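Chains as they are written, first to last, in the numbering used here: chain A, 140 to 251; chain B, 253 to 365.
Derived by calculation from the structure, the hints in this document are not laboratory data.
Just so you know, these numbers come straight off a predicted model, no measurement behind them.
Treat the hints with caution; some may be incorrect.
Stated by the list, open to error - Below are the DSBU-like pairs computed for lysine-lysine, each with C-alpha atoms no more than 35 Å apart in a straight line:
(1) B:Lys-323 x A:Lys-181
(2) A:Lys-243 x A:Lys-181
(3) B:Lys-323 x A:Lys-140
(4) A:Lys-181 x B:Lys-255
(5) B:Lys-307 x A:Lys-181
(6) B:Lys-270 x A:Lys-238
(7) B:Lys-255 x A:Lys-238
(8) B:Lys-309 x A:Lys-140
(9) A:Lys-238 x B:Lys-323
(10) A:Lys-207 x B:Lys-270
(11) A:Lys-243 x B:Lys-322
(12) A:Lys-238 x B:Lys-309
(13) A:Lys-243 x B:Lys-255
(14) A:Lys-140 x B:Lys-305
(15) A:Lys-243 x B:Lys-270
What the hints assert, rightly or not - Partial chain A-side listing against chain B, Cβ under 7 Å, derived:
(16) Gly-182
(17) Leu-183
(18) Ser-185
(19) Leu-188
(20) Tyr-215
(21) Ile-239
(22) Lys-243
(23) Arg-246
All C-beta atoms in this analysis are idealised placements derived from N, C-alpha and C, irrespective of residue type, glycine included.
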Amino acid sequence: KQEVTQIPAALSVPEGENLVLNCSFTDSAIYNLQWFRQDPGKGLTSLLLIQSSQREQTSGRLNASLDKSSGRSTLYIAASQPGDSATYLCAVEMNRDDKIIFGKGTRLHILP
Amino acid sequence: DVKVTQSSRYLVKRTGEKVFLECVQDMDHENMFWYRQDPGLGLRLIYFSYDVKMKEKGDIPEGYSVSREKKERFSLILESASTNQTSMYLCASKVTSGTYEQYFGPGTRLTVT
């Protein structure tokens, strides 16, 4: 059974720092991996999706990488800003048209 | 832009009431999902649907049912609401070609008293 883990559960860093959020999964036979952002009391916003054949995806200050063989993904945030404070979740899909399995998220706080 | 909307942001219901949560998406997506999110438990899948009139149980379907009469609308029904169904409910729809990206609605915070 696929399990998705995100460590740490919470993280505080000073504004301006580059940071890395981690996601690990137990079954490497994934179809894709998606990173989401969630603000308190709100829904999830899709940030980046990496197909199983890809190694990374970039959007602005965000870069997500995928290493299927080791069961890991990282979300790199460059030059962090207070507006980046949110919970970040990763999720994997095992097959096309399958349900998505979520990690419990990392709650990020950027200190002004 | 993909839009997934949910009928209410906040809802307060009494124990035993029948509750309907509505979700509508405007991008002709085949796949739609209902999750609940609780502190410490993360997102848990309640039901999902691959197409009109089709439904599949997720991880925690007990106490819930769903309806998908039209492609754009996926309803979650609490037949007899209980206090342990107090939660944040999130609806999502998914692209079934290309990236297979999943899009979420804003959520409904349901309180059952």
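Exercise. Does the alpha-carbon distance linking Lys-238 of chain A and Lys-309 of chain B stay inside the 35 Å limit?
Worked result: holds, 10 Å
Problem set entry | 35 Å Cα cutoff - pair Lys-270 of chain B, Lys-238 of chain A | holds, 27 Å
Exercise. Is the Cα-Cα distance between Lys-140 of chain A and Lys-305 of chain B 35 Å or less?
Worked result: holds, 28 Å
For this session: Please work out if Lys-243 of chain A and Lys-181 of chain A have their alpha carbons no farther apart than 35 Å.
Result: holds, 15 Å
Problem set entry | Hint check, Lys-243 of chain A versus chain B [nearest Cβ-Cβ separation less than 7 Å] | holds, 4 Å
Exercise. Lys-309 of chain B and Lys-140 of chain A: Cα distance at most 35 Å?
Worked result: Holds: Lys-309 of chain B and Lys-140 of chain A sit about 17 Å apart, inside 35 Å.
Exercise. Do the alpha carbons of Lys-243 of chain A and Lys-270 of chain B lie within 35 Å of each other, as the hint requires?
Worked result: holds, 30 Å
For this session: Would you check the hint for Lys-255 of chain B and Lys-238 of chain A, treating anything up to 35 Å between C-alpha atoms as holding?
Result: holds, 20 Å
Exercise. Does Lys-207 of chain A pair with Lys-270 of chain B here, judged by a C-alpha cut-off of 35 Å?
Worked result: Not satisfied, since the Cα-Cα distance of roughly 44 Å exceeds 35 Å.
Exercise. Regarding the pair Lys-243 of chain A and Lys-255 of chain B, is the alpha-carbon distance no greater than 35 Å?
Worked result: holds, 24 Å
Exercise. Per the CB criterion, is Arg-246 of chain A less than 7 Å away from chain B?
Worked result: violated, 11 Å
Exercise. Does the nearest C-beta of chain B fall within a distance shorter than 7 Å of the C-beta of Leu-183 of chain A?
Worked result: Since chain B brings a Cβ to about 4 Å from Leu-183 of chain A, closer than 7 Å, the hint holds.
The structure does not agree with the numbered hints 10, 20 and 23 stated previously, though it agrees with the rest.
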